[in-house]
Amino acid sequence: MAIYKDFNIQPENSLVSSDVVTNVKDTVSSGMWADGSNSISAYFTSSTQSGSSGTYYLDVYSANPQSDSTAKPQFSVAYGHFNGSGSVGTVGVDGNRASAAIYRQLSNTLLGPNEEKFTFAGSGTNITPKYVYAISIARQQLREKMDPGNWELHLSASGIAPGAGNVLKLIDDSGATTNPTVNQGGRVFNIVSGSIASGTAVRKTDAASQPGGGYGLFYPDLGILVLNGPVLNTSASLATVSGSNLEGGNVGKFYNSIRNTNKFQARREEVITSQHYFCRVPNKEFNFSSNPTFTSGSNGDFTVSTFFKNPKTFITQVGLYNDNNELLAIAKLSKPLLKSYSKEAIIKVKLDF
Amino acid sequence: MGFLNNTTVTVDAILTKKGRELLAQGTEAFNITKFALSDDEVDYNLFDVTHPNGSDSFGKVIENMPLLEAIPDENHVMRYKLITLPKTTSKMPVVSLSVDSITFDTAGGLGQPNRLVTATTANVTDSSYTFILHDQSVASMIVSEGAGSGVGATTPFFLGEDDAPNSKTVVAKSVNINVGQGVNVVKATQLTIIGNDTGATNSITVTNKVTLNSIMGR
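Residue numbers (our numbering), protein chains in the order written: chain A, 12 to 364; chain B, 569 to 786.
Just to be clear, a hint being listed does not mean it is correct.
As the list claims (entries may be wrong) - Distance condition first, Cα-Cα at most 25 Å in a straight line; then the derived SDA-like pairs of lysine to any residue:
1) Lys602/B with Ala356/A
2) Lys320/A with Asp580/B
3) Lys655/B with Asn310/A
4) Lys320/A with His619/B
5) Lys602/B with Phe18/A
6) Lys628/B with Leu349/A
7) Lys361/A with Gly622/B
8) Lys359/A with Thr693/B
9) Lys346/A with Thr693/B
10) Lys585/B with Gln151/A
11) Lys16/A with His619/B
No lab work stands behind these hints: they were computed from the structure.
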């Protein structure tokens, strides 16, 4: 007579079969944006957020936060200048110097202790530019990391109709990189022109061959894209204003260049660690039930008289317990599973962490 | 010739509130060592032995029913566990109690004797029982005969977080129910008894009519 059945737990290196398999890792990728979508087709900002911190960054939504209370930021766009140009304030002059704060924040997070400026691939005048544009994916959308080789961003100058000649299509070069650079910001890939529309990444121009310097750097583990300011300014006609002690509205210009094309496709990647529990239910066990409808009357007679010597039960739940009989995890079957003396079952319960 | 059914039963589990609590304390505390099965949601009266398609279809109504999603509150799942018993079992375990109900009358006041509640299990033996007095403000409960060392409860207390602070749970073979301190108004609660080996349950009503007004009026 028993209610519980102990798992046969063997050491990991044992040749004997074990009911519990621990530390099973699965990589799961899914659409990055709201509701698991892999693309955003409409872009919105919040007047509340832009009014308070819009000179630093703009939160970008896939639904209008003014009318949809459930809308959540999908990513943020920002503009950073090494010296603070394009924002109010300078050394000795009052002002938040928002672009300097953003640039230093990014360099402090992504670069090594002895590096001051971002260095992009290639050769030309804009290898170490003074200003950058950045995209940071919202934490709840990123979860763990971006999926390299599976994102595409289109940029176009506001006011210019999106067309084949006007749209700058950006992807990363992870497909051509077998041994990526890993530094303080984790893995780093170059941002290059190209497309993943065919299902695989097709690069138009390699970063090293990009005139003036590479388009940017992609940090998948942090969900941050740092774009080469001057190169982007030329390619996407952003009309960046980089005057000293002057609010240039560059964050808004960058946002408009994304909104104008309506195309930011991306996937995220997550490593799920699981434990598998094999609940082995032999034919002679678990054939009776404490369910009050299993019996009728007050003396314990079976509700169904044919259950005598041939009882049948229906499994609907599996409970996982510790030694103190505390229920730690619960699994439900999609429909009741018939159990009898002529049936055995193995129910694999997967517990994700 | 048809295809062989190659489906396997694989289910995803969720952590209960207790599981999350222990996981937060560290992996040492979170140690799954055994499993149990239950048939919550199933009503065996739906097992139709007169089904025209024969014995293979007797349980069709139950087997085809959709099930609710898992609930993380460990107090409200795994209520009716499946049990392993000898094949020749003809009657299921039934928990019988020494009293059908308990009422503390006004006339007895606070001095009336304890009421002994002894549980026995007919047809199959339980080594101990879990006694749950759902509302301690109605009466008090103390162990009369203990269950011995190393005996644990089987957990299905059916108590939510709101109920738990007012309730009392003990593992024993018998308990004494006392009138306590009296009540503001006549009040009743349930005493639930669960066989720790069989999972069989029974409950009785405990009513306290000894109000504070009746005590002061004496």
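Ascending list of hint numbers which this structure does not respect: 2, 7, 8, 9 and 11
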